[in-house]
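Trainee: In case you want the letters, here they are:
2 protein chains.
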Amino acid sequence: MQAAPAARTHSTPQPGHALVDADLNDCLHTYEQRVRGRFAAVLDVLRTLSSCQHERDFAAQAQTLALQKLGFELPTDWLANAWVAGVDMAALHAHCLFQTVAQSVQQAGFDQSCWRARMPIGPQQWRDWGYHTLDFSPCADGRLQALLPFILRTTPAPHVWVKAYAGALFDVEHDVADWTQRELERLTGAIEGGAQLDYLKVAVYHYSSSAPCEQGCAAHGSLDEQAVQAAIERLVALQMAVDNTFGLGAAPQVLLIGVDTDCDAIRIHLPDASGQIHRTRFLDSATLYRSSFGMPAAAAQQAVQQALQRHVTELGGLAAKGNEAGLLALVQAWLIANFSQIEYVNRHHAGRYAVIGHDEAFVCAGEAVPLLHLRNQFYFAHLDTVEEGAADLDVGARIFQGLNVQRGLALPVLVHFTYNARVPGARERAVQRGLRVAQAIRARFSDLAERGLLHCRVAVSERQAGSVLEWAEHAVSAAAH
Amino acid sequence: MQAAPAARTHSTPQPGHALVDADLNDCLHTYEQRVRGRFAAVLDVLRTLSSCQHERDFAAQAQTLALQKLGFELPTDWLANAWVAGVDMAALHAHCLFQTVAQSVQQAGFDQSCWRARMPIGPQQWRDWGYHTLDFSPCADGRLQALLPFILRTTPAPHVWVKAYAGALFDVEHDVADWTQRELERLTGAIEGGAQLDYLKVAVYHYSSSAPCEQGCAAHGSLDEQAVQAAIERLVALQMAVDNTFGLGAAPQVLLIGVDTDCDAIRIHLPDASGQIHRTRFLDSATLYRSSFGMPAAAAQQAVQQALQRHVTELGGLAAKGNEAGLLALVQAWLIANFSQIEYVNRHHAGRYAVIGHDEAFVCAGEAVPLLHLRNQFYFAHLDTVEEGAADLDVGARIFQGLNVQRGLALPVLVHFTYNARVPGARERAVQRGLRVAQAIRARFSDLAERGLLHCRVAVSERQAGSVLEWAEHAVSAAAH
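Chains A and B supply the protein sequences, listed in that same order.
For the first sequence, the working numbering assigns the number 1166 to the initial residue and increments by one for each residue that follows.
For the second sequence, the working numbering assigns the number 1166 to the initial residue and increments by one for each residue that follows.
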């Protein structure tokens, strides 16, 4: 269930932290309201339809309302048969969600242009700091699905990947393959200026500062220590796998970030001189925000920089593959960028989200939809097959048991894969993969499917452009039955 | 069901083709007899056990017989409880098969040393001819599982991969990843002399010359045209995927080979000057064998060479990425090497296998067991997940319905993955993958599993050494229930 978008306060804003970009926050807030508004409209329209589903002119009424409030039509035959036993509300709800996702993707160019123009960390920045690819593995948890533009103020871009797994337990072998592909592109000159650039892998765990035992990471039983330790182990395994295959020093740069899902503050764990990442040693953005609050911009900037330097000294140095300055610049930029997010939550969510737990609207399985970024809007399981991603999907299904199924709504799963338009046949293979995954999801959750409480839709989008969700037609017609 | 090994004929051998290596044939025949003998002994011992399973000292008798005839013990508790309702013969049969596979792998060093020393096409040869990796995708059909040492007389080696799929319909995306890994190794200097070397992808379809409509490729409904066309399409897709990602000319060298599963003769389809592989244009080893039969070695060699040159002229040239001489040398070597296999089948199988259809003893799923090479000994489905490899496994299960299940024996599936010992954690992840695949197989064939007619065992082996099958212990204890 989505909270209704809060009315924008027009009173004089309190003076904030000097390093906060209030304009960017405005852009993001407008974006959040727009997108959440679309999803809220779905519930609103469906409630209205429910109240008039047995009226004689229901189909016409419903269609008019949907077009007017949602901007798309509803399946005519579903409406026409409503007089018999009412509308299948679970199916209609899922259908509207999928349409709304497609709509939000289609309008992302417009919706996101304001904040995209103001993002402090974009392709030019991370290239200047020495990185050609940013590979994030947050938890699948919906509360992390605003990671890029909101929490880290980083531009979503073709080589910024978000591959979410329950508990941030990313697949080491798949990551090695992703690194290998980019490394080969780099060596063959496909990455401009690639000679000086590296691949950055970031694992992102999360915790809840106000309810650590209930609202932490479900995959780790809300045991923060375990979540952090497991993420560190995966990062080490990835480095070792690459180093042991392609020679010492080949491994990508790694970094660990923690997110407080109550308020979106972050912790950054840097690898010390020996390359070790420590569970309890990190820089905390909330602490830095508070300690530099009230300072003029330059002084605050300097305070963060000094804190960072002190931290590196305490660590005894930094494993940055000869790019200490670049890595520190990136980390400093993320810490400062996050000040804006802390203030965003302060201003628009009273310093702590009203819903600190799960509140997702749907599950996304497969590859991330590159144009959709919103906290708690969807649960995202990065996977190639249900067989490998079953644990991630099971966590998602459990969440929706509480959110939807208990009140008669379905588990809506958007299966999404991207393809490279330059590779002939790639689109067709992505569609096939999507259909296969959808079938496996129906098999895994057959108890829900049989009760009409699982709705699964398959879409693909082009990897570079990605501005349109293309529905796999077979899946659509299958889902209609 | 395995045919009993034919007694070696000690009469004076008929004079054969001058280019045939009769000594190598002897080595291979001894190997075939040794390995088949082990599997035949399993059936023999089980029949004996069946006849005495209700005798008072059955457990002791059985153990003695097994140790003596098979070289390993049987599970004591299975034997001890035989007096109640008899031995679970399906379980015992599967257990013995798995033990025999492990035994054959363990003794491969000894068993294979004779033929390995005499293989005409080994690592030095294919490197001299310009290739660092040979990536074969034959059909999963058991009749192709002697491809390397028998049909192509090519040494099984670490970078000679056999990735079998029903209908030779290999996974393009996985192949791109495999190529990418090797290409990166090549560019980073991990492949000695790699600067001059290329990756060769060979798709291998099959047909039956004597029963084309019944004993062709099951995945293509024994429609040879379709089998050839589908293989060509995959090769083209692979080339396009690489070329479109890494630049024109990056794609690996490709080749198409057809195998007549009646007699192991081969057809080689070369890509013409424009890179096109033609369905109906190929060099046929049986034709060349016959036309050069009776010639002295030098003349026969020359005849093959001339035929090859004529063929290339007819094709209007060859797409060999600047390595025409190397590719032709390899193709010529395979054609001539296959003469020995034609004669092998002539001598030891009367020119045509007694069983031209399926006669596999077990299914291997996952990655190939690098030390096991025998026609019709196992059906091999290369896969990472059952979700992706389901079609391949289904074909295998259908085959074993006829071979085993109808007479009360189980579908025995060996799940096997390799790992790189230099990568910490890789072994553990390979075991986990194996256990996951085994679980998915049990779920997919739950009707068989519930009737005790599916026995699945998980093993891993080190990729380079690979001399021991290591059982995943969990799987063993699970399978015992």
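What the hints contain is simulated information worked out from the structure, not anything from laboratory work.
A virtual CB, placed ideally from N, CA and C, is assigned to each residue, including glycine.
Do not take every clue at face value.
Stated by the list, open to error - Cβ pair distances, simulated, as ranges:
1) B:L1352 / A:A1462: 54 to 62 Å
2) B:E1390 / A:G1412: 22 to 30 Å
3) A:Q1272 / B:A1556: 47 to 55 Å
To be verified - Listing some non-contacts, in silico: residues in chain A with all C-beta distances to chain B over 12 Å:
4) W1248
5) R1455
6) R1594
Trainee: The structure should be examined with respect to each hint, and the outcome stated for every one.
Mentor: Here's how the hints hold up against the structure:
Under the hint 54 to 62 Å, the C-beta atoms of L1352 (chain B) and A1462 (chain A), about 46 Å apart, miss the expected range. Hint check: E1390 (chain B) to G1412 (chain A), Cβ distance near 47 Å, so the stated range 22 to 30 Å is violated. With their beta carbons about 39 Å apart, Q1272 (chain A) and A1556 (chain B) fall outside the hinted range of 47 to 55 Å. The Cβ of W1248 (chain A) sits about 41 Å from the closest Cβ of chain B, beyond the 12 Å cut-off, so the non-interface label holds.
Every CB of chain B lies more than 12 Å from the CB of R1455 (chain A), the least distance being 40 Å, so the non-interface label holds. Chain B draws R1594 (chain A) into its interface by the beta-carbon criterion, the shortest separation being 7 Å against a cut-off of 12 Å.
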